[in-house]
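*Asks:* In case you want the letters, here they are:
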Amino acid sequence: MSVPLVYSSIGDLADPNITSLLAAGLIIVALIAYAVLGGADYGGGVWDLFARGPRAKEQRTLIAQAMGPVWEANHIWLIFAVVVLFTCFPAAFAVVGEALPVPISIALIGISLRGAAFAFRASYWAPSAFRDRMGTIFGMASLITPFGMGAALAALASGDITLNSAGVVDSSVWAGWLTPFALGVGALALSLVAYLAATFLCLEAEGKLREDFRQRALGAAVAVGITATITLPLASDAVPSLWVSLTQGVARPFLVIAPTFGVASLVALYVRQHRLAAVAAVGQTAAILVGWGAASYPYLIFPTVTLSGAAAAPQVQLAILVGAGAGLLVLVPSLWLLFSLFKGKMPGMVVSPKGARPRR
Amino acid sequence: MDELLFARAQMGLSLIFHIVFSVLGMALPVLIVGVEWKSLRDPKGPWLALARTWSKAMAVLFVIGAVSGTALSMEFGLLWPTFMRQAGGVIGLPFALEGYAFFVEAIFLGIYVYGWDRLTPRAHWLVGIPIAISGMVSGAFITIVNAWMNAPVGFETIAGPNGPTIDQSSADPISAMLSPMVITQVPHVMLSALVAVGGGVAAVYAWAWLKNRTSAYNRAGMLAGTVMFSIAIPLQFISGHLSTVKIYDEQPSKFAAAEGILETGPNQPLHLPFGLEIPGLTSFLINFDTSTVVTGLNDIPSTDLPEKPELVHLAFQLMVGSGLLMTAAAALFWASVLRRRRAGKRLELPTNRLILWLLVLSGPAGFLAVETGWMVTEYGRQPWVIRGFLTTADAVTKQPGIAGTFIAFMVLYAALGIVLIWVLLRLRTEHPDTRMGA
Ligand code: HDD
Ligand code: HEM
Ligand code: HEM
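Order-wise, the sequence lines are chains D and R. Each residue of the first sequence is one higher than the last, beginning at 1 in this note's numbering. Each residue of the second sequence is one higher than the last, beginning at 1001 in this note's numbering.
Hint data in this document are derived by calculation from the structure and do not stem from the laboratory. A hint or two may mislead.
[Said to hold, decoys possible] In the BS3-like style, the derived pairs of lysine-lysine whose C-alpha atoms are separated by at most 30 Å in a straight line are:
no., chain 1, residue 1, chain 2, residue 2
1, R, LYS1056, D, LYS343
2, R, LYS1056, D, LYS57
3, D, LYS343, D, LYS57
4, R, LYS1056, R, LYS1038
5, R, LYS1308, R, LYS1044
6, R, LYS1044, R, LYS1056
It should be emphasised that the depicted structure is a prediction, and the values quoted were computed from it without experimental measurement.
Based on the provided sequences and hints, a complete structural model is requested.
*Replies:* Below you can see the structure in the form of structure tokens.
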């Protein structure tokens, strides 16, 4: 017994309607937010694992302080992207689940271990040997997760994921994400989050500690450069459609914009313009994701699932878009409050340290 | 076991694990906001220390809830891709709205937990309120999804080879959120969180009291938990009763299984454990008429029946039984308080060991009721995942290897659970706040 699909064709090449385009845009925005904010938290885990030198302890403390209040909120961007994907493009979500159970399960276990280990390590009432062990798990999980996510993303463009006539995946669960290109994208994702984290941490640190993270950022930038130079040429072979539109199609500008941001960030870092470096690093990440999206268009999963083919009914997408717009009215002020409390100058209206309870 | 069984086992395990933290995420903030409010009015009392300790526990619990919830959202695609194809467009809206509730919860939780010495006491208390609201709201949204699976609405059907299927192009996401089961399930779930968490907190401090750690701090903790679950439990019975009447109307197979009705007919007894029964009461409770006819398992088509209806019945009895136990605990507790008050003592808490033991048992009982209640809902709906439209067997992924992910997640949850309990026990015994006022 198999259930009939009530989609005309999930590889439909008709132009997507406006709600599909907006919904896809919303997913990209959520992914950028997750890559920048959540990504920096994974990068924090990487630098925690590799904390070295005379200030290793201070480095870890700074990372924990920087992540503590915000990482939960940063993590929700992923959930948000997943939920919008499965509501607005349900068939694509189903195919992703069928095609990539292995890397997704790996990423999920990584997400669980990282979150739990971070929280357990922050439980200062527990013995320090236990907390050290949790710190190691936290770092290891932070390495695996971005790598797995990058490889899974690359698999979607690979063309190795195939469907039968009912629209159900019939390729192997190992297809697409174990190629040199996919592993290269995984490595690129990992070095990028490490770079983001180090540039952000430069903003929060002072003195010698800042210099530590500046050096780490410079190292990560080299890693980004190397992985990108190795991975990009592989693309022409592994993901020809993506490659063609990156080099000749609509996505061409991003092949220039992303590295430009990258170089700008590196230069800014070198001359110790830390704020500028962070902004440019964000621009670089956004440009990579937007460029990836533009190059993939009109496919969600190449060459079988398109935006218009996987789209839910327009009224469903509209409901999500309206809901998302309304939700922003709550979300934006709340996020502003969170980040201004812990990342910027304290707004005087809510906070009055004099009136606050003494620290215990 | 075949792949379907592994998939069901993995989903069930993940939900059983996650629901513990969902319930805590819904009701613990309510309790914390309550005690912090008391601390504003009574700064010298033990309330502030309670709120601070609980906020540490809440921070850790929230993380485990968040990661297990993330796993669940992906497991929909990993285990039930066809469910997503059929349902994603129709019932995705409450999921997306829930996403916002999670955002609000996570943001204010960050401010709350890390803001103790950055905010004025009043501002800090205010920050707790959105956490409590958004926790409850996220529970409501997910229950709306579940209500839709029990009684799907908000779409037209078209003919398929195995009967009518959901026509995606007709999906109406707003109407889909208004399944007839929403009105009974949502309040029942919210109340269950207040009951279970109230009971759990009362149990922790009643245990301390039994061990003769009779501090003002432990007394306040016991009182706070007991107040919360005592208020919620009578409402829980009314709400559970309304749920039962609703499934009589909407889901006859679940009703017959839960109540253990074997043969169709009027004058159905209420079945109690050990073969005892109260004649006519089940029929009577539906609309005050013992002649009400109830469809028995013998008349339910086999395509609508779970493999083992007796498990649904058992789960139902465990849920109701746990509720009754907690009612007894609350009743005796307040009767004792009242008696002591009459004797002139101001709000003296009971020291009677029977009452304390009942409170200790109320901790596991509340969570048992939550788990078994979900068993009734979920197992009672089998073999359907979307009742009447999609069977669980058709929804399952066709990819091999679920046994592997099942084992991996089982190990993961076992490890997380054990470490979490250990960390929380440490918090109780080691933290200076706990000893304060002792
Ligand atoms: C503290 C927890 C708790 C307690 C004391 C009770 N319940 Fe419950 N019950 C739940 C916690 C719960 C739950 C976990 O929250 C469920 C699972 C799904 C749902 O909607 O709520 C549930 C489901 C559920 C369902 C299934 C609804 C459906 O499948 O659509 C029924 C019929 C009842 N309950 C009825 C009762 C009755 C008659 C109770 C007592 C007299 C009762 N519950 C006490
Ligand atoms: C299959 C079903 C479920 C899915 C896909 C799911 C999804 C999620 C996700 C992704 C999170 C994490 C959000 C965060 O980071 O805060 C979460 C947490 C939560 N879920 Fe679920 N959930 C499911 C079942 C339930 C059920 C049955 C309930 C309630 C009755 C529930 C209520 C909650 C609540 C209240 C939270 C916040 C957690 C906390 O505060 O600790 N969920 N859920
Ligand atoms: C304040 C009033 C009520 C309370 C406290 C109450 C309490 C309960 C309880 C504890 C049960 C579960 C019994 C069990 O299954 O073991 C129950 C079930 C039920 N109630 Fe009520 N009830 C109330 C009013 C009503 C009313 C007004 C009706 C009818 C219109 C009704 C109809 C039912 C039905 C049909 C069941 C399911 C029967 C069963 O469980 O076997 N109840 N109620």
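*Asks:* Which numbered hints turn out to be false for this structure?
*Replies:* Hint check: 5 fails alone, others pass.
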